[in-house]
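J.: Below are the chains, spelled out letter by letter.
There are 2 protein chains.
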Amino acid sequence: MERKIKVLGTGKYLPKRQVTADELDERLGVPAGWVEKKSGVSKRHYVTDETAAQMGARAALKALEAAGLSLHDIDCLVCASGTAQQEIPCTAALIQEELKLTRSGIPCFDINSTCLSFVTALDVMSCSMAMGIYERVLIVSTEISSVGLNWEQKESCILFGDGAAAVVIGRTPDTETARIIGSSMKTYSEGAHYSEIRGGGTQLHPSQYAQGREADFTFDMDGRKIFRLTSQRITGFVEQLLAAAFVKKEQLKAVIPHQASGMALRIMAGKLGFSDQQMVNILANYGNMIAASIPLTLHEAIQQGRIQRGDRVLLLGTSAGLSLGGVVLEY
Amino acid sequence: MERKIKVLGTGKYLPKRQVTADELDERLGVPAGWVEKKSGVSKRHYVTDETAAQMGARAALKALEAAGLSLHDIDCLVCASGTAQQEIPCTAALIQEELKLTRSGIPCFDINSTCLSFVTALDVMSCSMAMGIYERVLIVSTEISSVGLNWEQKESCILFGDGAAAVVIGRTPDTETARIIGSSMKTYSEGAHYSEIRGGGTQLHPSQYAQGREADFTFDMDGRKIFRLTSQRITGFVEQLLAAAFVKKEQLKAVIPHQASGMALRIMAGKLGFSDQQMVNILANYGNMIAASIPLTLHEAIQQGRIQRGDRVLLLGTSAGLSLGGVVLEY
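For the record, the sequence lines run as chains V and F.
The opening position of the first sequence corresponds to residue 1 in this note's numbering, with each subsequent residue numbered one higher.
The opening position of the second sequence corresponds to residue 1 in this note's numbering, with each subsequent residue numbered one higher.
Hints may contain errors.
Since copy identity is lost for identical chains, a pair holds within one copy or between any two.
[As the list claims (entries may be wrong)] With a straight-line Cα cutoff of 35 Å, these simulated DSBU-like cross-link-like pairs (lysine-lysine) come out: (1) Lys43 x Lys253; (2) Lys154 x Lys100; (3) Lys4 x Lys248; (4) Lys154 x Lys43; (5) Lys62 x Lys225; (6) Lys100 x Lys225; (7) Lys271 x Lys100.
Think of the hints as simulated: they come from the structure by calculation, not from any bench.
Chain V on its own, in the form it takes in the complex (with noise of 0.2 Å):
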């Protein structure tokens, strides 16, 4: 089960526009200070004029500078991304294009299982190159979400931010200990309609979008029923996870999980026992960036010094599914 790829380097894109909890207050006309409080969430970025594809592209460039390595050393594109820039084609053929690589001849391809997909693509993707079919691949996760929100639906709309994140992954050298110790998804289709958007694909086509309709185009989410599905599976789905992997808890320097809410991150914190000087929660400058979360977040714990070579880590989340996925590593 065991893999020998390391997590080469990591970068990241936010959108120039920053927007202020504040900012929301007014937009949504509630009191000075609710969405800060409701949501954990102090600021976000939205997008302007940028494209999935160019946020993708810009992050891939800092991951690929910070591994020290060129476009050209990469032999596979996965965006892993829970949001597509357009129907047909995938948005990793759309980031190679906006990358250069337009003769390159660099496999694209996606993979989505929406807030999850970069950890589904880790594991699946570090197979591949356990298998000798890759040598350095490129997952990017860069989702606008901020398009896709229902300001009718205060309790989910103040949540989510837009922006990218990528890693570079390899096989590790010889002489080097990093590599994929565990992983683990699970989903639970009872949760199905928790979180969702109903339309845009070939059940309600956008030719459907009409007065009285909108909301179906844009995020719905019950999160309360979604708190009592994962509270009801994460221990024992972290607990199996970790056996596995034969890791105990105090083992890991850091938990990295997936930024959906600041009760979400209250909850999983407490509920699995995991320390503050574990769990890395950058919510409060980001929001939840669906996908691309965890691997900020990853981006920002290595940025900022709290995990070093050798440290044992693991990515941890939910997504609509509703899914439960988990990777452990050492970086």
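Got chain V sorted already, so can you dock chain F onto it with the hints?
T.: Chain F alone, transformed into the frame defined by chain V:
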């Protein structure tokens, strides 16, 4: 590179409503016989009340039946489609729900490289299985193109049909030789906009659907440009793939091509020098079913007895991106 993974069973589902070339001649106001001659498609199916998840679930049950397995023998469900049922969550979770596996925990996610999604999923998931992550994976391609066709673009709208195909893959018993022998994918985003649906994602949100912009939310294709780019690349691509797999053209019992169009199939056979005996062509009865075409063609070839255990088979296609992809396997 080899993976001891076996196709255990295949299945399909076709919508109840069948649409003939004659019916489309009338709809488009073209002379009788034009649609069939131009597309090579005599009939295809369009959904009436079926959803993508329902079609996928029905195909999945057939594939499990063919494999002699039950739903609970599966430990991963991948939806490998170019279209999604709704924006969030991933279609795989919705298929799990249709299969009444709502509390099973079976991990669900989507892999998308448009028409090559099945080939990509087979490639990637066979590596995860070879690394011991999963025992038996259900890959489902389920496509509804009929809601997203541009009836003003006669050249493209006549090609497509709706439907689903599913394949169960498992580890090969020690006494057998079935395996993935080789795989390759190349993406040339110089062709990223040769076939696309520009709207529906974050760049052109459904809220922007309005009089005059409808075409942005339907499929747009420049057949001549696709033809030119594919022609330049496909011979070298197939030669490299077969050489790396140590398989000669004449050793292939069957070539399972993406059923892109009558012209695409003729060009592929001609340029690559495959015989009519090798090329499996089911286009006339189904049309281009996006990612479902390749697994459906595999299913038909198995059903018709054109592929036996021990035979070497090439899955081969092109997709929006523009990508070329193939897998060489021993059935």
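J.: Each hint should be assessed against the structure and marked as holding or not.
T.: Status of the hints after comparison with the structure:
no. : hint            : verdict
1   : Lys43 x Lys253  : within (27 Å within a copy, 60 Å between copies)
2   : Lys154 x Lys100 : between (40 Å within a copy, 32 Å between copies)
3   : Lys4 x Lys248   : both (20 Å within a copy, 33 Å between copies)
4   : Lys154 x Lys43  : within (16 Å within a copy, 48 Å between copies)
5   : Lys62 x Lys225  : between (38 Å within a copy, 33 Å between copies)
6   : Lys100 x Lys225 : between (44 Å within a copy, 19 Å between copies)
7   : Lys271 x Lys100 : between (46 Å within a copy, 29 Å between copies)
In this structure, none of the earlier numbered hints is contradicted; all agree with it.
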